[in-house]
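Enquirer: Counted the way the working numbering counts, the sequence shown spans residues 1 to 206.
Please note that the accuracy of each hint is not assured.
[As the list claims (entries may be wrong)] In silico DSS-like cross-links for lysine-lysine, where the CA-CA straight-line distance does not exceed 30 Å:
| # | residue 1 | residue 2 |
| --- | --- | --- |
| 1 | Lys111 | Lys166 |
| 2 | Lys172 | Lys111 |
| 3 | Lys166 | Lys140 |
| 4 | Lys111 | Lys11 |
| 5 | Lys172 | Lys140 |
| 6 | Lys136 | Lys172 |
| 7 | Lys140 | Lys162 |
| 8 | Lys88 | Lys140 |
| 9 | Lys136 | Lys111 |
| 10 | Lys162 | Lys174 |
| 11 | Lys144 | Lys174 |
| 12 | Lys111 | Lys140 |
| 13 | Lys172 | Lys144 |
| 14 | Lys144 | Lys162 |
| 15 | Lys168 | Lys140 |
| 16 | Lys166 | Lys144 |
| 17 | Lys88 | Lys172 |
| 18 | Lys136 | Lys88 |
| 19 | Lys111 | Lys144 |
| 20 | Lys168 | Lys136 |
| 21 | Lys162 | Lys172 |
| 22 | Lys11 | Lys168 |
| 23 | Lys88 | Lys168 |
| 24 | Lys162 | Lys136 |
| 25 | Lys168 | Lys144 |
| 26 | Lys172 | Lys11 |
| 27 | Lys111 | Lys174 |
| 28 | Lys174 | Lys136 |
| 29 | Lys111 | Lys168 |
| 30 | Lys11 | Lys166 |
FYI, nobody ran anything at the bench for these hints, they're computed from the structure.
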Amino acid sequence: QHFEQVQAMLKALDIPYTVNPLIVRGLDYYQDTIFEIIVNDDAIGAQSTVIGGGRYDGLVEQLGGPQAPGFGFGLGMERLLLLLEQQKIELPEEEPLDLFVLTMGDAVNIKALQIVQAARQAGYFAERDYLGRSLKSQFKTADKLNAKLTLTLGENELETGKVTIKNKALDKQKEVAIDDLLADFENIYRELTTDTSAIDKYFRGE
1 QHFEQVQAML KALDIPYTVN PLIVRGLDYY QDTIFEIIVN DDAIGAQSTV IGGGRYDGLV
61 EQLGGPQAPG FGFGLGMERL LLLLEQQKIE LPEEEPLDLF VLTMGDAVNI KALQIVQAAR
121 QAGYFAERDY LGRSLKSQFK TADKLNAKLT LTLGENELET GKVTIKNKAL DKQKEVAIDD
181 LLADFENIYR ELTTDTSAID KYFRGE
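Using the sequences plus the hints, can you model the full thing?
Expert: In structure tokens:
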């Protein structure tokens, strides 16, 4: 079931992958899924593994700690930097979070990932909750990260195909179709982050 969920999320994000039951990592504490990210580039050699890792839910317990989920990976820093240089990819500077997606229930996981991915592909910083926490805890995280926009995604939003995006600082919100959000996040973001209070006051005669 875990592996099926991983595959479903990769497909939802249009990330190509190949299932290889013969992959073996150097350490034996992995459980469920292990993975390798392989890049074809002359700068680092054909079919070169850049990142490898997996899930290890029992590792903390084996070391004398409490039962806790775990996930991690190792990477070759020199290879990665060489690859970034070769492909002329610049690392973005850290900025305040543009969007935080609050989730309610496992059923919305894939759609939440798609929304976050759409925002990132449009050039914005987006994040979501991965721990299944209460909405109160998620809102605290959004505030801590200074998220400009928030949206709450639950089963009701999946059924209607619509979500409400809020800008707390400007006291603005907008209900949009999820499909429109995925297709054109940038225009929706600009609409909700543009301060039109002065114009609104003018037309109200204030």
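Enquirer: Sort out which numbered hints this structure fails and list those numbers smallest first.
Expert: Violated hints: 8, 17, 18, 22, 23, 26; rest satisfied.
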